[in-house]
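*Asks:* Please model the complete structure; the sequences and the hints are all you need to start from.
If you want the building blocks of each chain, they are given just below.
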Amino acid sequence: MNQKGFTKETMRKRFRLSEYLSQRIISGVAFLSITIIVLIFFFVFRETLPVFQQPEKSSVTSSEELVPEQYGVFAEPEEENLQPEVYGIELDSSLMGNRDYGTEGTASEDERVTVKDLLGDEWYPVSSNPRYGLIPLFVGTIKITIISILFAAPIAILAALFSAAFAPTWLREWIKPAIELLAGFPSVVVGFFALMVMATVLQDLFGYETRLNAFVGGIAMGLAAIPIIFTITEDALTAIPGSYKEASLALGATKWQTALFVTLPAATPGIFAAILLGIGRVFGETMIALMATGNAALISANPFESVRTLAATIGAEMAEVVFGDTHYGVLFLIGSLLFVFTFSLNALAEFYVKGRLMKRFQGKTS
Amino acid sequence: MSRRRKITGGVLVGASAFSAIAIIAIIVVILVVVIIGSKDKITWEFLTAFPENGMTEGGIFPAIYGTALMVIIMSVAAVPFGTITAIYLTEYASEKSVIAQTIRFAVRTLATVPAIIFGLFGLGFFIKFIGGEMDSIFLGGELRWAQPNILWASLTMSLLTLPVVIISVEEAIRTVPRELREASLALGATKWQTIKKIVIPGSISGIMTGMILAVSRGAGEVAPILFTGAAYYLATLPTSLSDQFMNLGYHIYIMSTQSADVDGTMSIQYATTLVLLMLTFLLNFIAVIIRARIRRRVKA
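Chains as they are written, first to last, in the numbering used here: chain U, 664 to 1029; chain Y, 70 to 369.
Errors might be hidden in some of the hints.
What the hints assert, rightly or not - Derived DSSO-like pairs: lysine-lysine, alpha-carbon spacing no greater than 30 angstroms straight-line: (1) K676/U <-> K266/Y; (2) K676/U <-> K165/Y; (3) K671/U <-> K260/Y; (4) K75/Y <-> K918/U; (5) K75/Y <-> K165/Y; (6) K676/U <-> K260/Y; (7) K671/U <-> K265/Y; (8) K1017/U <-> K165/Y.
Hint data in this document are derived by calculation from the structure and do not stem from the laboratory.
*Replies:* Right, here's the structure in full:
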């Protein structure tokens, strides 16, 4: 044996190619998720450029400049025009026909869309005088989001409270996976159920005129949002330290008093995040909106009238447009708006919850 | 305790129990309705035959085949990349490093991006950018890859299911006991050897769960493939990666909203829904069971 034993020389890690390569490759692949997000930002924004670009010039509007405009669209909807007419858009479905993917249309100068056009109250993309007003789509999306969250949030939060606070352990182990199975239902199945069954049943119950409307769509989307809100709320409720509950019970509070006045308030940041993520899910839901809302782009406050949501508009019209023309660009613009919105919601939920929960559980409640 | 308090408590417990039961009841109702609606239609022939007579008769075999092919290509892309990302997050990155935090944020963001946005991205990135470049470089401008096909649809879908794999594998890797890793390292194994021989075999069930959940999700999503490769009707099965394909979810959507005879094909629609629902339902069920086992192992 070597008498010198461990010296600095012998202790140094030997260079191994396999170690070096594996570490490099693994870290490289791990960056993929970040890369994808960046690429989605870049490519979805890039395709909106034809809308704002004059075809002759090659000056490119940078995507940074687009963002404030979009917030403008969202923040200041023009005075709402509550007309009862239905701007139903019948799509000539040329689904069987093969489309020429090779040719690229370009926006001619008079077809250029200004911000003012986008703030218009008519969505008529396929007519001789196309109008790309996004307001009816925003109104429809917001209306349906409100309906579905009003339906889903109370049910999901109460169910989570039952599972976390009242149900015995054996029951809880059944309820949680059972409700989470609903999350595994494809949205096209929920949409189909809404279209075939719920629409008829709800119409019989409430007796409104239009069979497919914001109400049916909202309830159906609520079904998609319930498992998300339930799971996150349940996790937040069970994450409350046991000492909170024990202290409350020791002071003589009953089980339900503890649940209502101690556990639930302590979990508010988590519940808030759950609702935000539920909103994000509903806001971007496409298939249920396509199938169950009637898809008429009209501005109205009546929940029993048809609506056309932003996501459904992309889903219904993207397959019919000419690549690169104005309509195509506007649809990508809608996509960018959806992306920015859900991204912000997610970021808000993430940072709000992290900040608040951490502070609370470390006893630094202000 | 006053009587009013008792009533409040009763109402609260009752309402919360009712909500939980209501959600489970909705699940049961959907299942029952779909099963009843399709009970005469589900036959072996329906599953193995082509649609006939303008899709008003016949089976849904091409849609099943197309969906299966798509989830296979999707898994080939999503599972390795998802697993490697999970290994990086658990084995290489330190919990508090900015890089790891950013990756985690990106993964969670990816999980909340609406499905339709992936469709737009697939169109803008895979079809127009990658496909367009491929055509102009390899085929001299001949149109082949710059149009919707099964490859682009599957890759688009793999982006959507990537976070599902990452989250599931990460959870499983964390259940591999620390002592096993330390024992391996103490015996002189390098980090990569430890990962290869200890960590990956120890979390293989988690990787399986991730794949199953990803397949279940991918099989059910329609929005990302609306304009990246799904076709209404094809007389032949896809034979090349540049072919379009039929898909169960898209079939349901198209048959129930765009078909010439929605009422006449009702039983086909219900039966297709049942097939899709059973597929995703079973896969999820298997995943839940494997997951419960992993969790039990942690507790033990």
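*Asks:* Confirm or reject each hint.
*Replies:* Hint-by-hint comparison with the structure:
no.: 1; hint: K676/U <-> K266/Y; verdict: holds (20 angstroms)
no.: 2; hint: K676/U <-> K165/Y; verdict: holds (25 angstroms)
no.: 3; hint: K671/U <-> K260/Y; verdict: holds (21 angstroms)
no.: 4; hint: K75/Y <-> K918/U; verdict: holds (11 angstroms)
no.: 5; hint: K75/Y <-> K165/Y; verdict: violated (47 angstroms)
no.: 6; hint: K676/U <-> K260/Y; verdict: holds (12 angstroms)
no.: 7; hint: K671/U <-> K265/Y; verdict: holds (29 angstroms)
no.: 8; hint: K1017/U <-> K165/Y; verdict: holds (14 angstroms)
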